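Sequence lines, in order, name chains A and B. When we follow this note's numbering, the leftmost residue of the first sequence carries the number 21, and every step to the right adds one. When we follow this note's numbering, the leftmost residue of the second sequence carries the number 229, and every step to the right adds one.
Derived from the structure by calculation, the hints contain no laboratory data. Predicted, not measured: the structure shown is a model, and the values here were computed from it. Mixed in with the good hints, there may be bad ones.
To be verified - Partial chain A-side listing against chain B, Cβ under 7 Å, derived:
hint: 1; residue: Arg34
hint: 2; residue: Gly37
hint: 3; residue: His113
hint: 4; residue: Phe117
Yeah, the Cβ is synthetic: ideal placement off N, Cα and C, and Gly gets one too.
Each chain, letter by letter, is given below.
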Amino acid sequence: MNVEAETGKAIDIRELGKWYDDFHVLKDISLSVSPGQKIVVCGPSGSGKSTLIRCINGLESFQQGSVNVGGVALDSPDAIHAVRRKVGMVFQHFHLFPHLTVLDNCLLAPVNAGRKSRADANELALDLLDRVGMIGKVHAYPAQLSGGQQQRVAIARALCMEPDIMLFDEPTSALDPEMVMEVLDTMVMLAKRGMTMICVTHEMGFAREVADRVVFMDQGQIVETGAPQRIFTAPESPRLQAFLRAIVH
Amino acid sequence: MEFDVAYLAQQWPALLSGLWMTCKVTVLAVFFSLVIGLLGAAFRLFRVPVLAQLTLGYVEFIRNTPILVQLFFIFYGLPAVGFGISPFWSGVLCLSLWAGAYQVENVRGGLLTIEKGLREASFALNLNLNQYFRLVALPLAVRTSLPSMLNTSISLLKNSSYLQAIGLAELTFVAIDRIATDFRAVEMFAAIGVLYLGLVVLLSMAASVVEHRLKKPFRS
């Protein structure tokens, strides 16, 4: 079965189903994102949010439905590579390469997997490190940086591949409270520049500021979706009401 | 019987040539064993069909048989099936294969300590498995494995003394050869003991220089 992708969609997910052995992680998920849209995905842990966005760049496989990114269906190893060229990802635990300097972290993929000359990659990396406020640390190693600084480098590293879409998997959940802001500011800056973004996060302030749509997931399903204002002020489903009561103190 | 220093001074040229032979065999075998270790660990990590299973069998065979049996198999056994090689290359081959099996496990152990997230981050950046292995996993695994790789290399150096059994004129062979004519066992074994010790110290020092350089990114 090959579902034709809706034209002009950055991401088009149709009836996605995924199992870990007997465990049904994603149940009939459909989600489409237009270029430039910002989606915030929230929900309790174990609800499948991370798994969902990891299906978008092929870090997870799925058994049912289709995922279409920029018109490319994720159905072969070649397609996965083509999609990964367009999709950047930022992880909860940064995952910087610990043996490389900040600058080399940003150069590794563009030079080796991005068919870019070292000089071009270098210029772009310095520009992006400047934009995330890390230009003063280009020769530092990850171990010498704070969590917030590492995450900003990780954002720059992903941007060095010049993606059309950025995926954020709980980018601030592993940070000390006083470092959350600097990372969110970087993400807001990115959003304002028109990047298509899907962010798994519980930062409701961020969602209100930049999200076009908030998607609430529970037990592998999309329970409710809508504009942030509507989701936060007038949640419909009891499950979302309970969730919001629990996270807003 | 007193300790005859003058005798040792007189035997110095013979000891020196034995020492040189020990060094040559050791350096070559350490090099080849590391190559085997990296390849074998890669086969295991990539789960390369056939090669991964062969590596596993090879490692088990080497670890569970005496090195002297392996040496005699290479030196006396291989000629019988048409693969006769000199004592020198028999020695290099034996020590490389012996240490290589341990290096496979050393490198593999290092690879196992690498957090899964780095592989995912590499894939998300569109690096393929081969690039991840070469540019991320291996440089990190080598750092973790360095102490055990040094350990194996030191054992290799010490095990080079087995090569006297196939008539290779390395340090132990020279000592036994001299003792057979001069009966100066105390002097000779003391002398080669000190020389082996010196070599191990040199090897450890070289490794700690390498370690110091490789660990630079991890000092905050």
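Consistency of the hints with the structure:
A least Cβ separation of about 23 Å between arginine 34(A) and chain B goes past the 7 Å threshold, and the interface hint is therefore violated. Because the smallest distance between the Cβ of glycine 37(A) and any Cβ of chain B comes to about 22 Å, over 7 Å, the interface hint for this residue is violated. A hinted interface residue such as histidine 113(A) counts as satisfied when its beta carbon comes closer than 7 Å to some beta carbon of chain B; here the least separation is about 6 Å, so the hint holds. Because the smallest distance between the Cβ of phenylalanine 117(A) and any Cβ of chain B comes to about 6 Å, under 7 Å, the interface hint for this residue holds.
In terms of the numbered hints stated before, the structure departs from hints 1, 2, listed from lowest to highest.
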